[in-house]
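Q: For this one, chain A is given, so just place chain B on it according to the hints.
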Amino acid sequence: MDKKRRDFLKIAGISTLAGLGGPAVVDRLVTGTSPVGARAAKEIDPAALAETHEAEAKGHGEAGEVAKTGRRWGLVIDLRKFREDPELAEKAIHACHSTHNVPHFTNKRHEIKWIWLAEYENAFPEHSSYYKDKLTLDNEVLVLCNHCDTPPCVRACPTKATFKNKDGIVAMDYHRCIGCRFCMAACPYGSRSFNWRDPRAGLDMNKLNRKFPTRMRGVVEKCNMCAERVGLGKQPACVEACAESKAIVFGDLNDPNSEIRQMLKTNFTIQRKPSLGTHPSVFYIV
Amino acid sequence: MLEKALKGNKYYWMWLAFLGTFMAIGAICYVRQYNYGLGLTGMSRDVSWGLYISQFTFLVGVAAGGVMLVLPYYIHNYKEFGRITILGEFLAIASLIMCLMFIIVDLGQPIRALNVLLHPTPHSMLFWDMIVLNGYLFLNLLCGWVILTSEHKEVAPPKWIYPFVYISIPFAISIHTVTAMLYCGLPGRHFWLSAIIAPRFLASAFAAGPSLIVVAALILKRVTKFDAGKKAIDKLVTIILYAALTNAFFVGLEFFVAYYSNIPGHKAALDYLFFGITEHGVTYDNLVPFMYGFVILGVIAIALLSIPYTRRQNDFYLGLGCVLLFISLWLDKGIGFVLGGFVPNPLEQITEYYPTANEIFITIAVWCTGFFILSVLYKIAVKVEEDIHA
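These protein sequences, in sequence, are chains A and B.
Heads up: the first sequence is residues 1 to 286, going by the numbering used here.
Heads up: the second sequence is residues 287 to 676, going by the numbering used here.
Keep in mind the hints are simulated off the structure, nothing from the lab.
All C-beta atoms in this analysis are idealised placements derived from N, C-alpha and C, irrespective of residue type, glycine included.
Among the hints, a few may not be true.
Claimed, not checked - With a straight-line cut-off of 30 Å between C-alpha atoms, the simulated DSBU-like cross-links for lysine-lysine are:
{"no.": "1", "chain 1": "B", "residue 1": "290", "chain 2": "B", "residue 2": "439"}
{"no.": "2", "chain 1": "A", "residue 1": "246", "chain 2": "A", "residue 2": "207"}
{"no.": "3", "chain 1": "B", "residue 1": "553", "chain 2": "A", "residue 2": "273"}
{"no.": "4", "chain 1": "B", "residue 1": "553", "chain 2": "A", "residue 2": "132"}
{"no.": "5", "chain 1": "A", "residue 1": "134", "chain 2": "B", "residue 2": "553"}
Claimed, not checked - Examples of chain B residues toward chain A, derived with CB under 7 Å:
{"no.": "6", "residue": "323"}
{"no.": "7", "residue": "398"}
{"no.": "8", "residue": "413"}
{"no.": "9", "residue": "473"}
{"no.": "10", "residue": "633"}
With the rest of the complex left out, here is chain A (with noise of 0.2 Å):
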């Protein structure tokens, strides 16, 4: 080979590989925080959870990811306030369930849950619960869609029948869904449920919320934040169930003004299996 040619080669790869790199390294110069910092520092500092949360917005770039000024809908689940009052997970689950018109099954195989209980260990199985104090013992855990700000189940859609909205919701399109449910393997946090029967056989149809509707047999759904409220400027169902003491809060993750963040500013908050890189939307006080 001439050396002329050679050079070109060289020449020609060095800025290719500095055309594909570039903006992404410029990218992080600026924002001054990669995601992987951004998420270490969360867990270990509180204080700097606000920040990070900015500083992650404008470091996802992908498609789907929500813009740093539009809404990014959150939740934080204060635990303590779930021990004081041990109805009050029942009040909020009931909520949820009554106002989507969830059946309830026996057959546990049937079973089709939006938000539920499970023990501490079950909801955070990353975290050591070796020898557990006995508030965590005791006390059970809500878990419900994560609403991750990258969710997999959106990634493994073949229809997108189950989409992120613009302001950080999950949701889910019934009459599109085929029901092949790979959404539901794809979910690190089985928060999907799928309509095995007619779901009417396990509801209470003089009970029924007529603002909603039930489902089909053979679709797959899940909580979906209230879309259907949060649209009409109300809030979620859970977090209006337990109003007064404040043990769900919904706000604007992206609103540095918001409650939610003033939240997350004062209190060391956790996520569900943050190591998986969905960026849930849902924090928990312990």
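A: Frame of chain A, contents of chain B only:
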């Protein structure tokens, strides 16, 4: 050429009637499932894919296995495979039809299946799986039919078919790779989250598919005048043996990574599959016998296919070795891999899966439909061969 499938002796018709009976039973079961919903199966919130999807996964491998005949013949010009490549192509057709049927019976809303085309979603691996599976089915129908037709007319195959034959080779690899990607790209499913899944799938596919072809060739030799030839069979057995050993090696690597790293999430599904998990005093081990079967049958099969006497001198042992290997790999991929991946669930709770009778009959019916199609296609291929030599 289709008319060739309509002439056969009474055993041929009895065989088809036997398969047809199970197809009819399965059809009734499917009507029941269609009317009630997938609640008639043993699947649940925690084990949300069951027998259907695990059969699908295994059969994609059987379909891809046919390439182990096409590749040596068309790329390496290994003439001995000339007569049996058609068996590989027709096996791929039958397997792919089974795959598509298993997908359809697994859908909650089968009438909406075309939504995958109406709303194409490139970031979903299922979208790509649909493309490669249908693409591979089309290629095999085209190549198989055109080449058999020219054989029938005793002319050389038309030149334009060769590009399609060559494209079908990477397609065979792609169907099983993309099928592996359905599983290995899911965060939080530790058992599946392994870069070795696609190669392991391919290794087991290249053992399982050709095993079935050897068995078919041995049967055809007995009941028809179609003789694949000793040399071709022996070469195929070599391929099977290497593929089976590679698969065993990959399985061993999975064990090493899980148990040497000692990470609970990586060990959990293997624990459940091979040893059973005890939690709160309850032992969950309903898949352990299947996994033992996988290992024991696999060892016996590999021995039968390696020992010169059983491999070369005795068709019965050779056939037995291939059948056992096929069953062994089916236990691994057609049972353990998919079902084991759901245990424990994302909240580290254990739910076991037991298929219902209705579900099992539908599964049997899809298999019988595949073998029905395979029998008819092989009948045509064999008759064409016989006519040439008559």
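Q: For every hint, state whether the structure bears it out.
A: Consistency of the hints with the structure:
For the suggested pair residue 290(B) and residue 439(B), the alpha carbons sit about 14 Å apart, so the restraint of at most 30 Å is met. A C-alpha spacing of about 28 Å is found between residue 246(A) and residue 207(A), which places the hinted pair at or below 30 Å, so the restraint holds. For the given pair, residue 553(B) sits about 18 Å from residue 273(A) by alpha-carbon distance, which is consistent with the 30 Å threshold. Only pairs whose Cα atoms come within 30 Å are accepted, and residue 553(B) paired with residue 132(A) is accepted, the gap being roughly 23 Å.
For the given pair, residue 134(A) sits about 29 Å from residue 553(B) by alpha-carbon distance, which is consistent with the 30 Å threshold. Hint status for residue 323(B): holds, given a least beta-carbon distance of 4 Å to chain A, under 7 Å. Using the Cβ-Cβ criterion of 7 Å, the hint placing residue 398(B) at the interface with chain A is satisfied: the shortest such distance is roughly 5 Å. Proximity of residue 413(B) to chain A holds as hinted, the smallest CB-CB distance being about 5 Å (cut-off 7 Å).
Annotation: residue 473(B) was flagged as interfacial toward chain A, and the flag holds, the nearest CB pair being 4 Å apart, inside 7 Å. The interface hint given for residue 633(B) is met, as the beta carbon of that residue sits about 4 Å from the closest beta carbon of chain A, less than 7 Å.
When the structure is compared with the earlier hints, no violation turns up for any of them.
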